[in-house]
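For the protein sequence lines, the chains are L and V, in the order given.
Using our numbering, you'd call the opening residue of the first sequence number 766 and step up by one each time.
Using our numbering, you'd call the opening residue of the second sequence number -18 and step up by one each time.
Please keep in mind that the hints were generated in silico from the structure rather than gathered at the bench.
Glycine is no exception: its CB is placed at the ideal position from the N, C-alpha and C atoms.
Worth double-checking, as some hints may not be accurate.
To be verified - Across the chosen pairs, the derived CB separations fall in these ranges:
1) V/8 with L/963: 54 to 60 angstroms
2) L/1066 with V/95: 24 to 30 angstroms
3) L/950 with V/329: 43 to 49 angstroms
4) L/923 with V/88: 50 to 56 angstroms
5) L/980 with V/306: 43 to 49 angstroms
6) L/880 with V/329: 28 to 34 angstroms
7) L/1063 with V/250: 17 to 23 angstroms
8) V/114 with L/1089: 29 to 35 angstroms
9) V/114 with L/812: 32 to 38 angstroms
Residue-level listing of the chains:
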Amino acid sequence: MATRETSLKKSSPALFQQVQGVLRTQEGVLLIITIISVLILATQTDKFLTVKNLLNQGRLMTEIGLIALPMTFIIITGGIDLSVGSIVGLSAIMLGYSWHNLGFPLEVAIAIALGIGALAGAINGLIITRFRVPPLIATLATLAFYRGLAEGIAQARSVTGYPAWFFDLGQRETLGIPNQLYFLVIGIVISAILLSRTTFGRSLYAIGNNELAARFSGIPVNRNKVLIYAFSGFMSGFAGYVLVSRVSTTRSDMGSGWELDAIAAVVLGGTSITGGTGSILGTTIGLVLIQLLKNGLALSGVTGDATIVVIGSVLILSTLINIVVQRRLRGV
Amino acid sequence: MASVTQTVSMRRPRSQVSSVLRTIFGSQESVLLVVLVLLIAYVGHSNSGFLATRNMVNVFAGYAYIAIAALGMTMVIVTGNIDISVGSLMVTLSMLSGALVTYKGYPSWLPLDAIIGISWLLPIVIGALIGAIIGFFVTYLRIPAIVVTLGFLSILKGVLIMVSQGERITGMPTGYALAQRRPLQGLDFPIFEDFFRMLTMPVFFMVFLMIVVALWMRYSPTGRAMYAVGGNAEAARLSGISEHRIVMTAFILNGVFVGIAAVLNATQFSVIQVTLPPIELQIITATVVGGVSILGGTGTVVGAVLAAILLNTITKALVFLDISPFWTRAIQGLMILVTVLADLIRRQRQAE
């Protein structure tokens, strides 16, 4: 309900009010930060603002992006999923293992990888809802468990030698645009519609704002939670497939630490870590900002390690700005 | 009504046995202790090499630095917060300690002992300082702890790799190797003489700090207030507890314990290098498996230390059971799940 009111406010015709409205949202603040960053970075090096470079960055951010979308859903409900990076690794290993060791056709192996991802996510959801384990703990445990399964199954052996068609998704372009980027865009559109235009999406905000109230108003809280964690697992599995297709090999340490990158994109995008607010648009801008910062700084001659310092600082600062803006708003 | 009395009367005959069981499994600490003893007995039975003195010392000393860091993590989690930057902080402080002791630019009148002292103490001070900064962001600027420490994880990791350039530190003076010292060497013991003589410094730090922190959290006003803040922040505020001061204290002490753990970690081997295994996960795992509720308000440091030892025992046991070490993490993860589930089910029973 609250968001519907804001969207009504946004449609108010006066340009000044519109500008003010944009500034009041985290997405707006973030968009301005992004534009300023792009302008500054573009003056530092002429290799940055080229179509080729930007498309390549799109290719590189797809995997984290695919994970950040369901992560937005989960954080909006007040949960968190720390196991996504491990699911990426487990799915990647299962893809290689079921093709190379179990002798399944590669198409089936891909399906198995996606299925394992969804299953792993559903197990997270069941542990969280059935046994009422806090999501942070449940997914911390499965982070270790799923990564452990990946390591145990792989026994430190990597699988390579995939047929040429397998690399279509990760390494080729259609109409000049990297193939996986289409999937990211489709994912963004579907997630955005799901979150803001469906009863299911609205129920996630309700759960995040007041879970007990949501339960009493007849929202199938447990079912919806299991669904979003399963979705998170599925997308992590898909990200694993995209990754294997891009780098041509499977290793058990794939996706390590990705949970933090995905959470950073979501939180940077204005989704409150305590639940109840957030949007896919915000997550998308957060994702783009992180990738452009990484790339732009690297091209400007800043080493990769300084880049993560900048990203960490941006994460804290943008949350701080958001909190200050929110407090101002409440004060006014 | 009839059915209620019936269930009660049916339960009664079992209560003798179940009360004994309840005392044993009544707390997470005793469950962990029982599991630990059974595990050591089982592995020792299958392969007596496991019970060799050298190996048993490794079992108790190997994760001592994780256990010490878990002491601080316990405080942070008890107040209802979390710190996921501890792994990066610990490695950073380890490298700092090594850099301080191998630094060549000290004035020549400064004795070696003073240099070693600086390299042991300064990382702890810096740890406290960073804890204070994190605490300031969490309390006064009201940014959720997970966001602040996620940011600090990135910042510290970046600074660390930039400054160290991936190089390793060697050539520390022998006096520096605090964690390799054996304080009981040469003393006589009626039983397990070799074991006690071989025990290294980290074990003593672990036991001593655990006792101090356990007593402090149980009996001091500030320690009690930590539970109060984590259990019910509003009630704590109304009873005159300064939430800001308590949460600040928890984060600063967390930094201190990470600093101590870092120094013990740095002095353990003759090489210090940037390795970033997810230490923060092992620390949080030990804390949570030890029975500290992530929702805040409950848990003790004794459980956290026992859990750290148990995690290490499992890792070491796999080698002696001829299980591929690649399965270690899967088994550790499964164990975390089982402990957490058992803990929750037990609490629900107790609530009924």
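Which of the listed hints are not met by the structure?
1, 2, 7, 8
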